[in-house]
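Trainee: What follows is the residue order along each chain.
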Amino acid sequence: MESILNIRNVNKIYQSAGRELSVLNQINFSIDRASTVAITGPSGSGKTTLLGLCAGLDRATNGTVELNGIALEKLNEDERAAVRNQYVGFIFQNFQLLPTLTALENVMVPLELRGAKNIKARALDLLDKVGLADRSHHYPVQLSGGEQQRVSLARAFSNQPAILFADEPTGNLDAETSEKVIKLLFDLNKDAGTTLVIVTHDLELAARTSRTIKIKGGVIVSDENPGYAE
Amino acid sequence: MQNKLPKQSIQLSWLFKMAWRDSRKNRSRLLLFISSIVLGIAALVAVYSFKDNLQHDIDAQAKELTGADLVLDSRKGVSKAMQKMLDTLGNDRSQEKTFASMIYFKKGGGSRLVQMKALQGDYPYYGTLETLPVEAGHQFQSGQDALVDQTLMLQFGAKVGDSLKVGDISFKILGTLVKAPGQTGIAATVAPTVYIPMQFLAKTNLIKTGSRINNKFYYRFDDPSGVDEWVKKHETKLESEGFDADTVESRKEQTGRSFKDVNRFLALSGFIALLLGCVGVGSAIHVYIQEKLSAVATLRCLGLKARHAFFIYLIQIFFIGLVAAVLGAILGTCIQFLLPIVLKDFLPVEITMQVSWSAVAQGILLGLIISILFALPSLLSVRKISPLNAIRISFERTGKKQDPLIWLVYVLMIAFVVGFTHLQMKSWLQTLAFTMSIGVAFLLLILLSQTLMFLVRKLLPDSISYLWRQGFANLYRPNNQTLMLTVSIGLSTAFICTLFFVQGILMSRVTLSSGSNQPNMVMFDIQNAQKKGLDSLTKSFKLPLMNQVPVITMRIEEINGKTSRADTSNRRAYRNEIRATYQDSLTAAEKIVEGKWIGKVKPNETVYISLDQRYAQQINVGINDKIVFNVQGMMIPTVVGSLREVNWSRMQTNFRVVFPAGILEQAPQFHVLMTRVPSNEVSAKFQGEVVQNFPNVSVIDLDLVLKLLDELLGKIGFVIQFMAGFSMVTGWIVLISSVLTSKNQRTKESILLRTMGASKKQILAINAIEYFFLGVFAAGAGLILAIGGSWALAKYTFDAAFIPPFPATVLLFGSVILLVVVTGILSTRSILNQPPLKILRTGS
Numbered sequence: 001m002e003s004i005l006n007i008r009n010v011n012k013i014y015q016s017a018g019r020e021l022s023v024l025n026q027i028n029f030s031i032d033r034a035s036t037v038a039i040t041g042p043s044g045s046g047k048t049t050l051l052g053l054c055a056g057l058d059r060a061t062n063g064t065v066e067l068n069g070i071a072l073e074k075l076n077e078d079e080r081a082a083v084r085n086q087y088v089g090f091i092f093q094n095f096q097l098l099p100t101l102t103a104l105e106n107v108m109v110p111l112e113l114r115g116a117k118n119i120k121a122r123a124l125d126l127l128d129k130v131g132l133a134d135r136s137h138h139y140p141v142q143l144s145g146g147e148q149q150r151v152s153l154a155r156a157f158s159n160q161p162a163i164l165f166a167d168e169p170t171g172n173l174d175a176e177t178s179e180k181v182i183k184l185l186f187d188l189n190k191d192a193g194t195t196l197v198i199v200t201h202d203l204e205l206a207a208r209t210s211r212t213i214k215i216k217g218g219v220i221v222s223d224e225n226p227g228y229a230e
Numbered sequence: 001m002q003n004k005l006p007k008q009s010i011q012l013s014w015l016f017k018m019a020w021r022d023s024r025k026n027r028s029r030l031l032l033f034i035s036s037i038v039l040g041i042a043a044l045v046a047v048y049s050f051k052d053n054l055q056h057d058i059d060a061q062a063k064e065l066t067g068a069d070l071v072l073d074s075r076k077g078v079s080k081a082m083q084k085m086l087d088t089l090g091n092d093r094s095q096e097k098t099f100a101s102m103i104y105f106k107k108g109g110g111s112r113l114v115q116m117k118a119l120q121g122d123y124p125y126y127g128t129l130e131t132l133p134v135e136a137g138h139q140f141q142s143g144q145d146a147l148v149d150q151t152l153m154l155q156f157g158a159k160v161g162d163s164l165k166v167g168d169i170s171f172k173i174l175g176t177l178v179k180a181p182g183q184t185g186i187a188a189t190v191a192p193t194v195y196i197p198m199q200f201l202a203k204t205n206l207i208k209t210g211s212r213i214n215n216k217f218y219y220r221f222d223d224p225s226g227v228d229e230w231v232k233k234h235e236t237k238l239e240s241e242g243f244d245a246d247t248v249e250s251r252k253e254q255t256g257r258s259f260k261d262v263n264r265f266l267a268l269s270g271f272i273a274l275l276l277g278c279v280g281v282g283s284a285i286h287v288y289i290q291e292k293l294s295a296v297a298t299l300r301c302l303g304l305k306a307r308h309a310f311f312i313y314l315i316q317i318f319f320i321g322l323v324a325a326v327l328g329a330i331l332g333t334c335i336q337f338l339l340p341i342v343l344k345d346f347l348p349v350e351i352t353m354q355v356s357w358s359a360v361a362q363g364i365l366l367g368l369i370i371s372i373l374f375a376l377p378s379l380l381s382v383r384k385i386s387p388l389n390a391i392r393i394s395f396e397r398t399g400k401k402q403d404p405l406i407w408l409v410y411v412l413m414i415a416f417v418v419g420f421t422h423l424q425m426k427s428w429l430q431t432l433a434f435t436m437s438i439g440v441a442f443l444l445l446i447l448l449s450q451t452l453m454f455l456v457r458k459l460l461p462d463s464i465s466y467l468w469r470q471g472f473a474n475l476y477r478p479n480n481q482t483l484m485l486t487v488s489i490g491l492s493t494a495f496i497c498t499l500f501f502v503q504g505i506l507m508s509r510v511t512l513s514s515g516s517n518q519p520n521m522v523m524f525d526i527q528n529a530q531k532k533g534l535d536s537l538t539k540s541f542k543l544p545l546m547n548q549v550p551v552i553t554m555r556i557e558e559i560n561g562k563t564s565r566a567d568t569s570n571r572r573a574y575r576n577e578i579r580a581t582y583q584d585s586l587t588a589a590e591k592i593v594e595g596k597w598i599g600k601v602k603p604n605e606t607v608y609i610s611l612d613q614r615y616a617q618q619i620n621v622g623i624n625d626k627i628v629f630n631v632q633g634m635m636i637p638t639v640v641g642s643l644r645e646v647n648w649s650r651m652q653t654n655f656r657v658v659f660p661a662g663i664l665e666q667a668p669q670f671h672v673l674m675t676r677v678p679s680n681e682v683s684a685k686f687q688g689e690v691v692q693n694f695p696n697v698s699v700i701d702l703d704l705v706l707k708l709l710d711e712l713l714g715k716i717g718f719v720i721q722f723m724a725g726f727s728m729v730t731g732w733i734v735l736i737s738s739v740l741t742s743k744n745q746r747t748k749e750s751i752l753l754r755t756m757g758a759s760k761k762q763i764l765a766i767n768a769i770e771y772f773f774l775g776v777f778a779a780g781a782g783l784i785l786a787i788g789g790s791w792a793l794a795k796y797t798f799d800a801a802f803i804p805p806f807p808a809t810v811l812l813f814g815s816v817i818l819l820v821v822v823t824g825i826l827s828t829r830s831i832l833n834q835p836p837l838k839i840l841r842t843g844s
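Chains A and B supply the protein sequences, listed in that same order. Reminder that position 206 of the first sequence reads as 206 in full-length UniProt numbering, one-by-one numbering, no gaps. Reminder that position 255 of the second sequence reads as 255 in full-length UniProt numbering, one-by-one numbering, no gaps.
It is possible that part of the hints are untrue.
Computed list of lysine-lysine pairs in DSBU-like fashion (alpha-carbon distance at most 35 Å, straight line) [stated by the list, open to error]: (1) B:K179 with B:K84; (2) A:K180 with B:K25; (3) B:K384 with A:K216; (4) B:K17 with A:K129; (5) B:K17 with A:K120; (6) A:K183 with B:K7; (7) B:K252 with A:K117; (8) A:K120 with B:K384; (9) B:K4 with B:K106; (10) B:K84 with A:K129.
No lab work stands behind these hints, which were simulated from the structure alone. The model shown is predicted, which means the values in this text are computed figures rather than measured ones.
Extracted from the complex, chain B is given alone in its bound form:
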């Protein structure tokens, strides 16, 4: 009798019910498994929310960023035709001249280089010059009054009403400048601003030949809708006159763009945390599913289809992933309120923090995708669990076939990592380098674990004591955790250490040190006539004349016979003003890398100049190319004779373009003098004298700059550490959860040994030996990968040298091993503290 094949229709609701039932007693553990992605999601949601809010605020406050509908600025003089155009534009217009100058506080006697802004007109038209008292912002132009940046007021203990000497005349401080349109906190600290009315600028006598002045013209339009079109139409003319145009729209784009890099860095840090989370999810679900083998086999015996078994666990992972993603999103939304605090000094707009639902949605979606995608290799294996496992725990399969779906999942995982990395990095080369390094690290760790197992199996001597033999044998026996733990601990260690090392590279790269023989004060804008006087003044303070160089302002007129009009692809080369020098020999910071250095030239000889190699690359010129310089009206033809490598981090004046001696001596020029002042008191006194006698000479106190740089770097460092912290903490979580989840592999054995009479100490020793060697190999491999990766990053990305910091490296290595061993032993202890029978009866 042939019976009909029974039909079975399982309802989706039953699968949900079964998933719920099956997850009982496992939920907290499952959440621990997935907890590794919570921080990654939190980091990304925080970064995305911050990005959204920033963009929103830039859009909303764009007019306040520029303060006008149109800003035209130029470092060149203004031609008559241009002046005519400037005078007829807009419905309201203001003008500002910005330049560096020394100021002198009469009361306290302090002086400092500031960014001087001479203003005329009602600028800003949008937003305000935020001052204390409030009315000072629009009243200071009526008299001989100034607005002084609040950091300066604080530094010199000045008060409103005090007097300030600028050049030859004095101004009364009418108010403290709190914020100007588009100004960031950090910019105000580095170059504090002083506003004076333009009508008094001439009287200060500060504007001399060669002075670097930025002319800004602000316009307000009754109907600003046509401004961008106007700029587009007049682009060529503006460019030929050396003008830059800034509109509300262009500033919006520019500000957004300048924060793109910051956001990209932040998102990438978050992504690394998330990648670690993926490793955590992958290894945790693998262990979880192994524990479910018997339950799945029983269900299969009772008639559950393979795909339904798969769905039961998929549903569990979906919901646990959802919970983790939601937790991550909530945490990220909270953290986003911290980001503006961390970054506030770099932000030009007021950030109004609010929940960014799109960031939350992206975070949750990403969390879900990662949970499921990285759990899928283990989940798919559920389909292959044979019902035979119910009657026989281990059985030999007749012919193992590779599941093609597993390969599809691997492809999807790679595609996800590549795609997401590309979204962050925007460059395929960087994306490939990043993902390839992760792939190589992954493969190397797998290879290492296989080698380790092979070597231990082959080399383990029979003569060593039982505890050592058992501990070592655990590394390769069936159900060993060597592969899983080597990969997860190795990758976490690699990520943690790489972040740590890279942070160090970044910090050391930007840290400047001022040695005792290095100059710490620079004076520039010294006119020919003032040179001798200033030298004498310096000597009278018993200060050394350390570096005296002439500076000549010039512009490129032609390159190989082409002017800027013909050489359209290289406009930048012609546009920027160049400050060059002449010298007969190279300084210690310069090294010829190509061509030949010629230090002197006789009249009518070819002038061979030397270019900084990077600058030469930027303007697309090489050895023997011909360049004609416009030295304030005089054309000087030259040939590129050599290229130099310049160490810009040395405390001395360096130049992109260096002429030989014998050609520019008579050109209009100013001089730079460097000296070293022994103390703050001498510095203050000396600066005071310089400002009094040579008001146009600017003095930079490098110690102050270094201090400011230190502060700035401290802030940048904090941002880096803040984001790297996410990845590091996630790395530790993955590490701990990997060890914790692997404990079940050893539970039964430990209990059986206990039953056979092994003492608690012996079992702990066996486990400690196993975890210790796993920790040593995995952490060692991770560390080697990190050192290799950091070296490559230092060499190819940051152009810096990398020597791993020995004590920190040993500390990292030791702490990973310690964490692995301690976590392993603690998890074993919790089992050993219960009666063996209880564990044997419950099965785990």
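Excised from the complex, chain A in its bound form:
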């Protein structure tokens, strides 16, 4: 099966108080198109750093990250922004909705950034899918946490991304709301045929994906049901 993400010999070292701090060490894996993958591990294991590198939010100290056939380490920040806009969707733990934009406008932003047509109808359609069509003109502050995360889902799928990264998508939600949001996430993902990468502590959530990569101390300690193995 074709890979959408290839990570090769990736290291990430931070300078902290004049000392080098190795956060990721020799990471290698690939993710198949349209698969669902969970990256799990304890706090401080390097999960979020890895997500940042995979999504082109940051550069690896060494190694290569290839997303949808594009080597990210060769790109500058603006080119990586274009890649994110075209191929990547995000769901954040703290929702990260733009507070001054309505729910509808938040969903429209990725489409507007790529200069798409028929934006409003598409955004409304997505809000309808997440059950918030009637709240489209509400600002984030007027929505509950679960509603905010559903708007975030609609926004993540709005640009029909090739790959979707979710960083602890239920971390800020109660159990009942979490369940609803996760169901919605997987349903939307199935419909869109998107590759889904979830960073989470939640083993139950991880179990719902087709593959789980476990990290500890900056190295991969297990890769269950791997689509690619060295």
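Position chain B relative to chain A; hints supplied.
Mentor: Frame of chain A, contents of chain B only:
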């Protein structure tokens, strides 16, 4: 498979749309941020509009300023050749002799020194002598009639038809003089004018030897286009005859020039207000952008390019800056209507206030430039916000690189401040001094805040109570506001206090006091023959003879063997008439600073004279230089023996040139006598007697002059306070908005503490401690800078002593701290009054 890199083209319209959306809920706050420049722009637009209108009115009313196409005037007598020339010039001509003289109101018995103008001819040819009744202005020359200035009429309760004694004869008051061409309100108050027909001048018997008369010749030309050329052609001749020429064009330039300084002062006051505004904009936008960090990071995750994020906020600042600039321009246009009211007594022309579109445009452009330029350091940092901030609020950057564009912006900011200051000051030295002091103040405040943070961190004892520890720790912990608030509060305090102190220096410098032992009446133009009689009269009123000095009028003929023709670079020295004295000892107001004072000279000995050191500088002479004086026809060679420092503010007669006793005793001279009158009644009676018995003697009532000076200074003081007020108010706005904008830094912490069970009182105490110490350090630093700056200004610019007024200084210090603490606590209270959950959910 290698995919192609996607292309992204973001339309400008979307950036505008996004800027609009992003500014929602922030617009009023943004406007508050920028409000600090509104007053600065208002001040500048008001000043520029006033300048434009003044220039326009000077141009339009220039002919009314001179009242003629050509005015020739001289304090010297007129030679025959010159008289011939004067009699053939122009198509219409008038003549006026101006001199100081006493007048006596027969009905009320009051007397006062006035500026007497004896006029012959149809002057003014342009404009009118504005009188009440109107026809009096051109009828008074037909009979033995006078026009009397309205302030005098009011002072003595005189009415049209009353009689007025001038010298030996009486005139009927035909009309009240409201305004003469080119006369300012203040000039009329200080030296009120009385017009009489010239045909009666001789009969007054006022013109005596040594009388100081200004001869003016007014000309009207059917074709005035060649007047300036004529003046240029005859410049040398006019100068050698001691004549000054004034044309419509030259008066236009001269009037414009004399208001340049006023305008410069006004513009500089406005500019200081604007500089404070710049500090306000800089600190406010810094906080605003910090709050936008998360939104920008999210947008970057969604694919927004760095430069587009930058443009979104640039567009916001542009429009908010535009709104502030337009508001400032509107306010300034309204204020400009106040300026002529404030300055009306100093203006020689009628100001027709109208909107000056060029001033408005300049103000708006300046507002925009400042908003953007001073917001740019923070705006540029938007480009550096990493998308990683969206998933991780604080992350460690791998290698911080300094943005070269930031340095470019700093250079532009300095260039802007230097350039604009130079536009106002026109002198590079002053510009550099001004900008360097601002730069040094800025750096010192940064240094102070760093030192403060370092010391608090090192010295904060663990043993003190939690509230104090937390309050102090807020000064150096991450997200502290110490640097920003120290700089903005410190600079505002420095500006406010400097303006306050400088105002005090200016006011005290010009305030004259008349102590109980000081003379309060001066009589001059006393002829040799009148000396004894006047002494007796003074004694008969039981008044002291306090200061009796002879005055001799003379002119410099040669300096070190060079006459005015040869010494072309020093013409001024030869041109002006000098009133000198002779004395055998120095007075209390004089101090020798160079050379040796010689008080007596024997016949045929070298005459060593003493010069006021400033005068010596002006005419480029020093010790042992040789000067030949022309004492009304007699040449007296002298050598500069000493230079004196003269305290001109003492109430006594002082002279630039002092001769030793033994040489000028026989020269034509008049005398000055000073005395002290105990009351207004005695003064009026005594003056009346002097005018009756010695009509040519002029009497100056110093109490009246002091009162007039007081009024004048009050008016000048008001202008200074009016303009300084802009800067002060802007300073307060910057101070308040700095504290208000910084509250967001503490919001989350306060709420978290609240959630953990801290009481409202405890949180307020923590914030109060932090703001109190910030206020103390910043205001203290600002005050020290202000005292240093004011001292330097007093010493090097105003040549005055400066002692900071203790109560006012303490009051200023206390009020800044109070304002910082109260504003800080009020902003915290507004957060604490809401449920913590609401704040935690909204994020701020």
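Trainee: Could you run down the list of hints and mark each one as holding or not?
Mentor: Structure-based check of each hint:
{"no.": "1", "hint": "B:K179 with B:K84", "result": "32 Å, holds"}
{"no.": "2", "hint": "A:K180 with B:K25", "result": "31 Å, holds"}
{"no.": "3", "hint": "B:K384 with A:K216", "result": "31 Å, holds"}
{"no.": "4", "hint": "B:K17 with A:K129", "result": "26 Å, holds"}
{"no.": "5", "hint": "B:K17 with A:K120", "result": "14 Å, holds"}
{"no.": "6", "hint": "A:K183 with B:K7", "result": "34 Å, holds"}
{"no.": "7", "hint": "B:K252 with A:K117", "result": "66 Å, violated"}
{"no.": "8", "hint": "A:K120 with B:K384", "result": "31 Å, holds"}
{"no.": "9", "hint": "B:K4 with B:K106", "result": "107 Å, violated"}
{"no.": "10", "hint": "B:K84 with A:K129", "result": "107 Å, violated"}
Checked against the numbered hints given earlier, this structure breaks hints 7, 9, 10; the rest are met.
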